[in-house]
Amino acid sequence: MEFRKAGWTTRLKRFALAVDSWVDAGLWGAARRAGDGYERIRSFSDRLTLSGGQRVAAEFASEGLNIGIVGALVMLTFAIPSFQEGREDALRHQVFAVTFLDRYGVELGHRGARHDDSLSLEEMPDHLLKAVLATEDRRFYDHFGIDVIGTFRALTVNARASGVVQGGSSLTQQLAKNLFLTNERSLDRKIKEAFLALWLEQRLTKNEILKLYLDRAYMGGGTFGVAAAADYYFGKSVRDISLGEAAMLAGLFKAPSKFAPHVNLPAARSRANDVLNAMVDAGFMTAGQVDSAKRNPATPVDRRRDSSPDYYLDWAFDEIRRLADDGKIGPDRVLTVKTPHDPAIQERADETVESILRQHGPAYRAKQAATVVMDTDGAVRAIVGGRDYGASQFNRATASLRQPGSSFKPFVYAAALQAGLYKPNTTVTDRPVCIGNWCPNNYGRSFSGSMPLTVALAKSINTIPVQMSIAMGQATGETHVARAARIGRMKIIETSRAMGLTTPLNDTVSLPIGAAEVTVIDMAAGYAVLANGGKRAKPYAALEIHNSQGDSIYRHDRDEPAAQVLSTQVAQDMNFMLAKVPTEGTARRAALEGVVTAGKTGTTNGYKDAWYVGYSGNLVGAVWFGNDDSSETNNMTGGSLPAMTFKEIMQFAHQGLELKPIPGVAPPDPKAPAVARAPAPAAATATSGPGAGHMPRQSFEVLSAVGAMFKTIEPARAAGPRLQVGIREVSAGAQSRIR
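Using our numbering, the letters of the sequence shown correspond one by one to residues 26 to 764.
I should point out that these hints are in silico values taken from the structure, not numbers from a laboratory. Treat the hints loosely; a few may be bogus.
[Unchecked claim] As a list, the in silico DSBU-like pairs of lysine-lysine whose alpha-carbon atoms are at most 35 Å apart: (1) K484 / K685; (2) K560 / K448; (3) K202 / K261.
Given only the sequences and the hints, what does the whole structure look like? Please build it.
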């Protein structure tokens with residue numbers, strides 16, 4: 026029999042069948058082995074079956090393990106950015122020690138950590154270190170950066186008290202927050218804080234961490250670190266402080282503004298007693314050792330008459346940090362900064378604000394004020410952020426957002442002039458105008474008809490800025506009134522930004538008449554553009570900066586060129602119109618003797634805010650009066666206390682200055698002196714009427730005391746007298762209004 030060799034197709038089929046058989050056998054075998062394995066596992070697990078309490082505990086343990094794994098992954102996700110923040114140079118990244126000089130080179134003050142004072146931890150008093158550890162972290166030398174025991178203890182105490190009465194963060198965690206993070210209360214921040222604390226513990230010794238903490242913590246009164254705080258509060262080196270003084274300093278770490286002795290001495294002493302008791306509880310001292318400190322509490326030096334310009338220094342320090350963030354001063358952090366600060370103008374501004382609030386504030390129900398004085402290029406000479414820095418460190422001149430009222434109108438006029446739609450002599454009509462259901466009214470709820478644009482601004486007519494917003498939109502081809510007004514408001518916002526307003530400006534129909542929120546310093550900067558011929562006048566605090574080696578690393582005149590944000594012609598036209606306000610408009614109380622000025626008043630609805638912003642060819646000043654809670658004042662307008670304050674400060678500030686012209690405004694008399702004179706003495710102006718000026722604090726207090734004695738014996742007068750309200754005299758039945 027003859028056999029023939031199989032063809033290739035037959036061989037391929039046989040190979041495919043063999044492969045299929047092998048795969049089937051393999052899968053069947055694997056399934057059988059898996060089944061056998063499952064049966065063995067089930068048989069084993071049957072022997073581990075739990076019931077009752079054991080089963081419940083096992084379930085909780087299993088769920089806890091799952092949650093723990095997920096939580097660890099979440100924490101790791103949040104922690105990665107924290108390690109990026111903790112790079113090699115992070116310890117020096119935000120550490121500043123800044124010495125500020127005034128415009129004449131005289132030391133003005135310090136801000137930042139006093140880490141360059143060559144004071145080691147060993148030189149600090151033992152009772153200070155014990156006081157800090159007793160209150161902030163008793164187990165500091167025993168934990169690894171996170172005090173687990175202390176955290177659980179704090180959770181227990183807080184749960185029993187139904188509130189936060191004890192902190193759980195270790196001293197290292199607090200240092201991590203001070204160095205790298207903000208005060209934001211969030212899970213993200215707490216996780217970063219914990220991981221950064223571990224990083225610090227790995228990089229530094231315990232003593233180095235404690236020294237950093239003592240140097241970098243904010244201690245109130247504009248001071249950072251215990252060395253600066255000891256000098257500020259007690260006028261001595263930290264080496265020489267007593268046990269009572271150490272306890273008072275240690276009490277500041279919890280809440281420096283609340284327990285600062287120059288703000289609330291009883292609260293500071295009560296907190297110091299808590300610190301002394303904590304030292305006894307921690308076993309650091311005996312009751313007998315702290316008894317003397319309790320009987321003889323620390324007494325700080327009197328800072329009520331302290332002339333340190335703390336509001337200015339706080340703002341200047343923030344500006345230096347901004348320059349560092351922008352990369353303009355390199356890696357140096359021990360700096361000497363020459364500022365444009367003028368101590369004489371600062372003192373006059375402080376005295377004027379306090380005096381006018383003291384004498385006229387009660388009648389107007391106004392409790393706060395703020396002012397900024399700067400050169401026309403933005404060099405800030407003085408800042409008053411409130412009537413008393415000791416009572417409130419909140420800087421109302423740089424941080425408070427308030428509505429500007431009609432003082433915002435120059436930004437609207439500038440935008441309209443920049444668009445080429447108006448000139449100072451353009452005839453405009455004060456008439457009813459509406460955008461949807463909103464129809465603005467004038468101060469007197471009447472309309473004045475046709476007038477030149479200059480008069481409309483001087484009289485602060487409300488309908489004209491709204492008409493301007495519509496006209497700017499219609500110039501683009503839009504015919505619908507509401508849409509045209511919106512386009513016009515966008516141009517107003519754009520111009521305001523270019524001129525220096527940095528706060529958010531919400532697009533509302535009432536924006537053209539001042540329904541926005543601005544700061545005092547931004548308003549001064551915006552008006553300075555006009556005085557500066559249309560060039561940007563960004564507020565600045567540093568004329569020149571030197572590093573610790575004495576090298577000049579920054580000069581404003583070299584490193585900050587000013588941009589032209591308005592045309593020269595527009596700036597001149599605006600100046601021409603605003604120069605009429607102090608002479609013919611709503612700010613006659615702001616007019617200076619022998620100095621040509623321009624400016625604008627502002628008053629908001631309900632008389633909550635009153636403004637005057639004005640300028641000469643030399644200086645710019647912005648003044649705000651109102652209340653922190655935005656409560657209504659007693660009919661206070663920009664033409665009253667703000668204008669009066671502006672005049673008092675700026676008349677003094679111009680003494681001896683070589684007067685510069687305002688671009689576009691001719692001097693009233695070509696033969697007028699080129700150097701400003703001092704104002705006429707008080708006797709010469711006594712006939713100006715009630716409230717024309719103000720008297721020194723001591724004279725006012727003496728006369729007030731004498732007046733109080735006479736009030737107790739003065740018989741009741743008949744009804745219907747004339748009343749003096751602030752600087753105004755009105756009848757009992759009617760009140761005159763001042764814009």
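Verification of the supplied hints:
| no. | hint | in the structure |
| --- | --- | --- |
| 1 | K484 / K685 | holds, 27 Å |
| 2 | K560 / K448 | holds, 20 Å |
| 3 | K202 / K261 | holds, 29 Å |
Going down the numbered hints, you'll see the structure goes against none, and every one checks out.
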